[in-house]
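Asks: Residue-level listing of the chains:
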Amino acid sequence: MYTQGLDQGGAEQTALSETDEKMAAFQQRIDAEEKIEAKDWMPEAYRRTLIRQISQHAHSEIIGMQPEGNWLTRAPTLKRKAILLAKVQDEAGHGLYLYSAAETLGVSRDQMVADLLSGKAKYSSIFNYPTVSWADIGAIGWLVDGAAIMNQIPLCRCSYGPYARAMVRVCKEESFHQRQGFEIMLTLCRGTEAQKAMAQDALNRWWWPSLMMFGPNDSESKHSAQSMAWKIKRFSNDELRQKFVDVTVQQAEFLGISVPDPDLTFDEESGHYKFGEIDWQEFMDVVAGNGPCNKQRLAKRVDAHEGGEWVRDAAQAYANKQSARAAA
Amino acid sequence: MSKQEWPLYEVFIRSKSGLSHRHAGSVHAADDQMALDNARDTYTRRSEGVSLWVVRSDRIIASDPAETAAFFEPAEDKIYRHPTFYEIPDGVENL
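Residue numbers (my numbering), protein chains in the order written: chain A, -3 to 324; chain B, 29 to 123.
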């Protein structure tokens, strides 16, 4: 699924010990579109930015399993249930690809998990909204994964090799997610009046949070310029958001439901949709931990981690016994 | 997290017979069999492979990127190893 904010966290400072020469050579490699690999020299700030971004992204995938997992036992048909199960499993897989990429930068898996569980690390604000109806599963696939794809496709060309390669894998699978979401919406929209109303209700609730996924406006985005210079990021938050609105509004029209924005108009001159102001206060509140489900999401993750401890212990004990036997 | 972290394994996938194994990513596992199972579940959910290798990351011996230029230097001045080094006059066929 996806990360946002791609650039949340404290201001980065370059360590003074790093020579200008090394920095210049590094930037030259970036400018020449060379990929940076795990053991290559890199500025500490580049490393820290990537660790923060990739781990936030991984955490988002892991927490992102919860809103959808909420409907696994109540999916309307066995087919839908099997599909949703596969999708939730994919989210876990995406989290693992990304943790694996982040580890190449020298941070341990346990450290990242500890930071998530302690609440120190952030994850995408979108997963702090509840999934109150089956239509929300459609809306998540269509909108949330749709927004994720907009963000992630440019990441396949990110300057850091292991992250770029993980994103290629993620993007291939993400496309299934988005289509299955749209198909749920389409089925509802072609159903009874009540079903169509469910789809509209889900769009009403997920539209604005989906737009927030792209992060703050460019004028407010702290790390964007540096991330662009390092080619971690290829497009600005506002550019990607605009692209998302342009394609999604047309899809909503096809579904016959309407985007909950009275200010939405098509601008003939630019060829883009103009949309209303995002409620940034809501965004800040959710990021700060006060969204509808922040506490519940984290508590559930902590509970799952602690509940699984005996399984990890048992596996470790078995492995120790096996290797002791092999040695004897 | 006072406990010992499970070791890291690098994962290599052969996508079909006739092709080499290719690095896909890594997994953590308590033992070798679990590493294979985890690699299968993480990296081949869509039939991406017909064969998997996993190897403990700490067992891989790698060249040092900082020494790349010096390490590969011996090949730099042996351009006569490439067919394009040799000039063949026009009119000579099948060479």
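Since the hints were made in silico from the structure, they are not lab data.
No residue lacks a Cβ here, since even glycine has one placed at the ideal position from N, Cα and C.
Take these hints with a grain of salt, some might be off.
In silico BS3-like cross-links for lysine-lysine, where the CA-CA straight-line distance does not exceed 30 Å [said to hold, decoys possible]: (1) A:Lys18 to A:Lys291; (2) A:Lys192 to A:Lys77; (3) A:Lys31 to B:Lys44; (4) A:Lys192 to A:Lys75; (5) A:Lys116 to A:Lys291; (6) A:Lys77 to A:Lys317; (7) A:Lys291 to B:Lys31; (8) A:Lys168 to A:Lys77; (9) A:Lys116 to A:Lys192; (10) A:Lys35 to B:Lys106; (11) A:Lys35 to A:Lys168; (12) A:Lys239 to A:Lys227; (13) A:Lys31 to A:Lys239; (14) A:Lys35 to A:Lys218; (15) B:Lys31 to A:Lys35; (16) A:Lys218 to A:Lys116; (17) B:Lys44 to A:Lys168; (18) A:Lys18 to A:Lys31; (19) A:Lys116 to A:Lys227; (20) A:Lys18 to A:Lys168; (21) B:Lys31 to A:Lys116; (22) A:Lys75 to A:Lys227; (23) A:Lys270 to A:Lys218; (24) A:Lys291 to A:Lys218; (25) A:Lys296 to B:Lys31; (26) A:Lys31 to B:Lys106; (27) A:Lys317 to B:Lys31.
One side of the interface only, derived from the structure: several residues of chain A facing chain B at Cβ under 8 Å [unchecked claim]: (28) Asp36; (29) Leu81; (30) Gln85; (31) Tyr93; (32) Tyr125; (33) Gln312.
Asks: A separate judgement is required for each hint: does it hold in the structure or not?
Replies: Hints versus structure:
1. Using a Cα cut-off of 30 Å, the hinted pair A:Lys18 and A:Lys291 is violated, with the two alpha carbons roughly 44 Å apart.
2. With a C-alpha separation of about 21 Å, the suggested pairing of A:Lys192 with A:Lys77 holds against the 30 Å cut-off.
3. In summary, the hint linking A:Lys31 to B:Lys44 is supported, as the alpha carbons are separated by about 27 Å, within the 30 Å threshold.
4. The hinted pair formed by A:Lys192 and A:Lys75 meets the criterion: a straight-line CA distance of about 21 Å does not exceed 30 Å.
5. Between A:Lys116 and A:Lys291 the alpha-carbon distance is near 13 Å, which keeps this suggested pair within the 30 Å criterion.
6. Only pairs whose Cα atoms come within 30 Å are accepted, and A:Lys77 paired with A:Lys317 is rejected, the gap being roughly 39 Å.
7. Straight-line distance between C-alpha atoms of A:Lys291 and B:Lys31 comes to about 26 Å, which keeps the hinted pair within the 30 Å bound.
8. Pair hint A:Lys168 plus A:Lys77 holds up; C-alpha atoms about 21 Å apart against a cutoff of 30 Å.
9. With a C-alpha separation of about 40 Å, the suggested pairing of A:Lys116 with A:Lys192 is violated against the 30 Å cut-off.
10. Taking the CA atoms of A:Lys35 and B:Lys106, the gap is near 28 Å; set against the 30 Å cutoff, the hint holds.
11. Taking the CA atoms of A:Lys35 and A:Lys168, the gap is about 27 Å. The hint holds against a cut of 30 Å.
12. Pair hint A:Lys239 plus A:Lys227 holds up; C-alpha atoms about 19 Å apart against a cutoff of 30 Å.
13. For the given pair, A:Lys31 sits about 26 Å from A:Lys239 by alpha-carbon distance, which is consistent with the 30 Å threshold.
14. Proximity of A:Lys35 to A:Lys218 is assessed by CA-CA distance (about 28 Å); at most 30 Å being required, the pair is judged to hold.
15. The hinted pair formed by B:Lys31 and A:Lys35 meets the criterion: a straight-line CA distance of about 27 Å does not exceed 30 Å.
16. With a C-alpha separation of about 19 Å, the suggested pair A:Lys218 and A:Lys116 falls inside the 30 Å cut-off, and the hint holds.
17. In summary, the hint linking B:Lys44 to A:Lys168 is supported, as the alpha carbons are separated by about 19 Å, within the 30 Å threshold.
18. Between A:Lys18 and A:Lys31, the direct Cα distance comes to roughly 16 Å. Compliance with the 30 Å bound is thereby established for this hinted pair.
19. Proposed proximity of A:Lys116 and A:Lys227 is supported: the alpha carbons are some 26 Å apart, at most 30 Å.
20. Taking the CA atoms of A:Lys18 and A:Lys168, the gap is near 36 Å; set against the 30 Å cutoff, the hint is violated.
21. At most 30 Å may separate the alpha-carbon atoms for a hinted pair to count; B:Lys31 and A:Lys116 meet this at roughly 20 Å.
22. Among the hinted pairs, A:Lys75 with A:Lys227 is inconsistent with the structure: their alpha-carbon atoms are about 41 Å apart, more than 30 Å.
23. A distance of roughly 24 Å separates the Cα atoms of A:Lys270 and A:Lys218; the hinted pair therefore holds under the 30 Å criterion.
24. A C-alpha spacing of about 27 Å is found between A:Lys291 and A:Lys218, which places the hinted pair at or below 30 Å, so the restraint holds.
25. For the suggested pair A:Lys296 and B:Lys31, the alpha carbons sit about 21 Å apart, so the restraint of at most 30 Å is met.
26. For the suggested pair A:Lys31 and B:Lys106, the alpha carbons sit about 27 Å apart, so the restraint of at most 30 Å is met.
27. For the hint pairing A:Lys317 with B:Lys31, the CA-to-CA distance comes to about 17 Å; that is within 30 Å, so the pair holds.
28. A distance limit of 8 Å between C-beta atoms decides the matter here; for A:Asp36 the minimum to chain B is near 5 Å, and the interface restraint holds.
29. Given hint, A:Leu81 at the interface with chain B, is violated; its Cβ is 12 Å from that chain's nearest Cβ, farther than 8 Å.
30. The criterion of a C-beta within 8 Å of any C-beta in chain B is met by A:Gln85, whose closest approach is roughly 7 Å, and the hint holds.
31. Interface hint at A:Tyr93: satisfied, since its Cβ lies 6 Å from the closest Cβ of chain B, which is below the 8 Å cut-off.
32. Because the smallest distance between the Cβ of A:Tyr125 and any Cβ of chain B comes to about 27 Å, over 8 Å, the interface hint for this residue is violated.
33. At its closest, the beta carbon of A:Gln312 sits 5 Å from a beta carbon of chain B; the interface hint therefore holds under the 8 Å criterion.
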